[in-house]
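What follows is the residue order along each chain.
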Amino acid sequence: DTGVSQNPRHKITKRGQNVTFRCDPISEHNRLYWYRQTLGQGPEFLTYFQNEAQLEKSRLLSDRFSAERPKGSFSTLEIQRTEQGDSAMYLCASSLEAGDPRGTQYFGPGTRLLVL
Amino acid sequence: LAKTTQPISMDSYEGQEVNITCSHNNIATNDYITWYQQFPSQGPRFIIQGYKTKVTNEVASLFIPADRKSSTLSLPRVSLSDTAVYYCLVGDKGNTDKLIFGTGTRLQVFP
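Here the protein sequences come in this chain order: A and B. Once you know that position 93 of the first sequence is 87 in this note's numbering, the rest is easy, because the numbers rise by one and skip nothing. Once you know that position 73 of the second sequence is 74 in this note's numbering, the rest is easy, because the numbers rise by one and skip nothing.
Isolated chain A (complex conformation):
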């Protein structure tokens, strides 16, 4: 295991369609984060998991967004009824948490979504 992987790397969809992205973290990492990054901006926090528990969700994560990490390993991020404003790079990161302070996050290559 050489790092965080994300699939697909690119996704083009039509407005109104549903899309699902997958993230495979570094194998021993217990925390998994999702971020969204639009062109020219820094990544924005969306949500994170500690093992299989989703501990925090940003206001950016509307009702159309859902994330899961069913067995505390890989995670999926689903966007329902996509809108053009959802076009962005979706980044996943993982870390090993063993107490304070927070562990270092390592990022995947991202999934670039384009909604037409």
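To be clear, the hints were calculated from the coordinates, so they are not data collected in a lab. There may be inaccurate statements among the hints.
What the hints assert, rightly or not - Heads up, simulated DMTMM-like pairs for lysine to aspartate or glutamate below, C-alpha to C-alpha not over 25 Å straight-line:
{"id": "1", "chain 1": "B", "residue 1": "4", "chain 2": "B", "residue 2": "93"}
{"id": "2", "chain 1": "B", "residue 1": "99", "chain 2": "A", "residue 2": "91"}
{"id": "3", "chain 1": "B", "residue 1": "4", "chain 2": "A", "residue 2": "72"}
{"id": "4", "chain 1": "B", "residue 1": "4", "chain 2": "A", "residue 2": "46"}
{"id": "5", "chain 1": "B", "residue 1": "4", "chain 2": "A", "residue 2": "50"}
{"id": "6", "chain 1": "B", "residue 1": "53", "chain 2": "B", "residue 2": "15"}
{"id": "7", "chain 1": "B", "residue 1": "4", "chain 2": "A", "residue 2": "38"}
{"id": "8", "chain 1": "A", "residue 1": "8", "chain 2": "A", "residue 2": "50"}
{"id": "9", "chain 1": "B", "residue 1": "99", "chain 2": "A", "residue 2": "50"}
{"id": "10", "chain 1": "B", "residue 1": "70", "chain 2": "B", "residue 2": "93"}
{"id": "11", "chain 1": "A", "residue 1": "65", "chain 2": "B", "residue 2": "98"}
{"id": "12", "chain 1": "B", "residue 1": "53", "chain 2": "A", "residue 2": "91"}
{"id": "13", "chain 1": "B", "residue 1": "99", "chain 2": "A", "residue 2": "80"}
{"id": "14", "chain 1": "A", "residue 1": "51", "chain 2": "B", "residue 2": "18"}
{"id": "15", "chain 1": "A", "residue 1": "51", "chain 2": "A", "residue 2": "91"}
{"id": "16", "chain 1": "B", "residue 1": "55", "chain 2": "A", "residue 2": "91"}
Starting from the structure of chain A, add chain B where the hints point.
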């Protein structure tokens, strides 16, 4: 809510030292301050992290004053391959689960 500010862009020449500062207030008191490098169409890559004072690794140094209201990433002797966007990442004091990236500094290194 934590707020971060970085210079939008910086220019440098190969072989020079570059210092990039991130101003951050209302950050979590028990979190590291972390810096990342990002190339186009790639995920951020970890550079360095620290809590207070000075930290150095094989690629950079990080200076954090006692009040932790800013941090400065120092890149010694930059090369063309250091041309990238650099971000600081901090935790929010009011919501320690929330992480906030800086606005990003685009570093351009010239030959």
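Structure-based check of each hint:
1. Of the pairs offered as hints, the one joining residue 4 of chain B and residue 93 of chain B holds, with about 8 Å between alpha carbons and a cut-off of 25 Å not exceeded.
2. Between residue 99 of chain B and residue 91 of chain A the alpha-carbon distance is near 15 Å, which keeps this suggested pair within the 25 Å criterion.
3. Restraint check: the Cα-Cα separation between residue 4 of chain B and residue 72 of chain A comes to about 29 Å, which exceeds 25 Å; the hinted pair is violated.
4. Taking the CA atoms of residue 4 of chain B and residue 46 of chain A, the gap is near 30 Å; set against the 25 Å cutoff, the hint is violated.
5. Between the alpha carbons of residue 4 of chain B and residue 50 of chain A the distance comes to roughly 19 Å, so the proposed pair stays at or under 25 Å and holds.
6. Between the alpha carbons of residue 53 of chain B and residue 15 of chain B the distance comes to roughly 29 Å, so the proposed pair goes past 25 Å and is violated.
7. With a CA separation close to 13 Å, the supplied pair residue 4 of chain B and residue 38 of chain A stays within the 25 Å bound.
8. With a CA separation close to 29 Å, the supplied pair residue 8 of chain A and residue 50 of chain A exceeds the 25 Å bound.
9. For the hint pairing residue 99 of chain B with residue 50 of chain A, the CA-to-CA distance comes to about 7 Å; that is within 25 Å, so the pair holds.
10. In summary, the hint linking residue 70 of chain B to residue 93 of chain B is supported, as the alpha carbons are separated by about 12 Å, within the 25 Å threshold.
11. Between the alpha carbons of residue 65 of chain A and residue 98 of chain B the distance comes to roughly 21 Å, so the proposed pair stays at or under 25 Å and holds.
12. Note on residue 53 of chain B and residue 91 of chain A: the hinted pairing holds, with a Cα-Cα distance of about 20 Å set against a maximum of 25 Å.
13. For the suggested pair residue 99 of chain B and residue 80 of chain A, the alpha carbons sit about 21 Å apart, so the restraint of at most 25 Å is met.
14. This hinted pair does not check out: residue 51 of chain A and residue 18 of chain B have alpha carbons roughly 39 Å apart, beyond 25 Å.
15. For a cut-off of 25 Å, the pair hint linking residue 51 of chain A to residue 91 of chain A stands: about 18 Å separates their Cα positions.
16. Between the alpha carbons of residue 55 of chain B and residue 91 of chain A the distance comes to roughly 23 Å, so the proposed pair stays at or under 25 Å and holds.
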